[in-house]
Amino acid sequence: MRTTLQDPAEFQAEQVSSGGYLFQREGTEHAPVADDRFGHYLVGGNLYIRQKASYKPPKSGATNVEAALLAYYKKIRAKLPAQVAAQNYFEYQKPGGGRTYFQYDARADKLVDIGNSFAYTKEEKDVNKAKVKQGYQADKEAVALVNAFKTKLNTLKDAQELEDLVVSTGVQLWDKFAQRIKGNAGRAGGALPLDGNLYWARLHMMRLLRAELPKNRNLLNHVKSQLPQYMQLLDQASRGMRDAQIGFPADRKVKRILIAGFDPFDKLRINDKARNISAQVALHFDGQTLGARKKQARIEAVIFPVSYEAFDRKQVEKFLAPYLDKVDAIVTFSQGEAKVIDIERFYANYRGGAGDNNAQSARGKIAPGKPAFYETTLPTKKMIPRLGWKNLGRTFGIGKRQFVYFDQSYLSTQGKENEPFAKRFPGHNFNRPYFPISKIKGSAIRGSGSNFFSNELPYRVANLIHTKNKQKDLTYGHIHLPHKEHLAKRTVKEVDVLLKRLIKTL
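The sequence shown begins at 2 in my numbering and counts up by one.
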C-alpha cells in the first residue's frame, strides 16, 4: 500500500481502503473509523471526505446528508492531526465526481457550504512540479514576497484589509520584476533576468488565498462568496493592469503607447528557467519614455494570461476599452520562433484548439459574426528596412542584429499565402502590404501568427478598436519575438528601435 499521495485523483485511482474508511497522510496511517456512509483521507495536510457510492441518503433531504456529514466530521475530528483539525474545513467529494468545500462553525455546531472556490486550478497545482520548484526556490526575493503574503493573510481583521493586501502585494510583485529586468537589460554581458517567477509567485499567492482564508474566522462568511473578486484584484495588480499603475502623462504632446506580453507557456513554463520574452519586454519598457525631444512617447505595459477562460470573460476588452480614447498605439507581443522578429499582418477570427496553461482547449470563431481577418495598422514601411542582396548574412542570423520580417501569411477555407520567402532563403523582404486584404476569401483558419493566443489577442484588440470605430485614431499591431534566451538582450534593443521608429510616425 502506498502511504504518500500527491493528488485526490491519484488517491481515487489507487482505491486505498482500510477498515471501511479511507485515510492517509504522508508516511502515516491512522486507526480506521468504521462508517458505511463516508470515508476520508489527507493529502498535503488537507482533509478530504468522500461520500461512499453505497450510501443512499433519503430522497427527502440534503439536510439529512449534511447532518450525517457533520456527525462523521465531529467523530473523526479528534483523531486528526492538530494542524488539520484547527483548519475547520474540508473538501467534500460526492459520488460521480462533484465536490464542494465545507467549513465547520463550532459556535453554531454546523457545517457551512463555502463552495468550490477553494479548489486549486491545474496551473496552481503545477507549482509543485520538480523543475518549477527548482527555479522558484532559487529566487529568494520571490519566495520572500510569497512568505510575507502568507504571514499577513493570517492576521487580517476585515475585508478592507484583505483588499488592501492583495492589491499592494500584486503591485509589489509587478514592480519587483520590472525593476529587476530594467536594471539589467542595459548592462554588457549576462543574461536578461527571467520573468517566470512573477508568474509562479502569483500562482503561489492564489493557492494561499484558497488555503489560508478559510482558516480566518474574521473573513470566512465574507470570503465564501467574494474569493474570486479578491483573486482577480491580485491578478490585475500583478499584471500591471490596475488603473493606478498606468501612468500616462497629462501632456498630450507626449504620445502614449500601451504594450502587452504573455505569461510563460509550453516548454518554457514547466521549466527551472521559466520565461516568456514578450513578458520580459513588457516589464523592461513599462513606464519608460522613448524618442527624441520633439517626438516622445510614454510606454505602459501589461501581461495577459494564456487562458481561454480569461479571454472568454472578455479580460482583454474590459481592460483596454477605457484606454481607447487615451492612447495613440497598442502593440502586443508574444513568444515566436528561435531567432527572428515578425510583425504580423493578419489576425484570424479562429481558435485552433491548442491547450492553454490550464490544459483547456477551444476551437472555433473568436467573435461570431465579425470579420474573418483584421490587419495591422503599424507603419511597417517605416519600422522595417528592406532587405537587399547585400544583407544575406542577416537572413541567416549571421549579422550582429536580428532581422525583422513582415509576415503576410494567412490560411482560409479558400486560399492561403505563405510566410516571407526571405525568412527561409536569401531574398527580398517586403516591408509593405503586397496584396489587399480584400483578396482573402472564405472563413479564417490561421492568421500570420497562426491561431493560438498570439493571434487571438491582436484579433480581440483590432475587433474592439473597429467596434468602437477608433481605427482612424489608433495604431495597432502584433509582433512575435525570438524565444532563444541568449538573444533576449538583443531582442530588447531591437524592440527599442522598432518602438522609436513607430513613435516618429504618431
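Since the hints were derived computationally from the structure, they do not count as laboratory data. Treat the hints with caution; some may be incorrect.
As the list claims (entries may be wrong) - The calculated label-pair distances, taken between Cβ atoms and stated as ranges, are:
| # | residue 1 | residue 2 | range |
| --- | --- | --- | --- |
| 1 | A293 | N217 | 45 to 55 angstroms |
| 2 | R243 | P434 | 33 to 43 angstroms |
| 3 | L71 | P96 | 53 to 63 angstroms |
These numbers were taken from a predicted model, which means no experiment stands behind them. Cβ coordinates follow ideal geometry from the N, Cα and C atoms, glycine included.
The hints, checked one at a time:
1. A293 x N217: 45 to 55 angstroms: holds (54 angstroms)
2. R243 x P434: 33 to 43 angstroms: Roughly 37 angstroms apart at Cβ, these two residues keep to the hinted range, so it holds.
3. L71 x P96: 53 to 63 angstroms: This hint is violated: roughly 19 angstroms between Cβ atoms.
Hint check: a violation occurs at hint 3 only; the rest are consistent with the structure.
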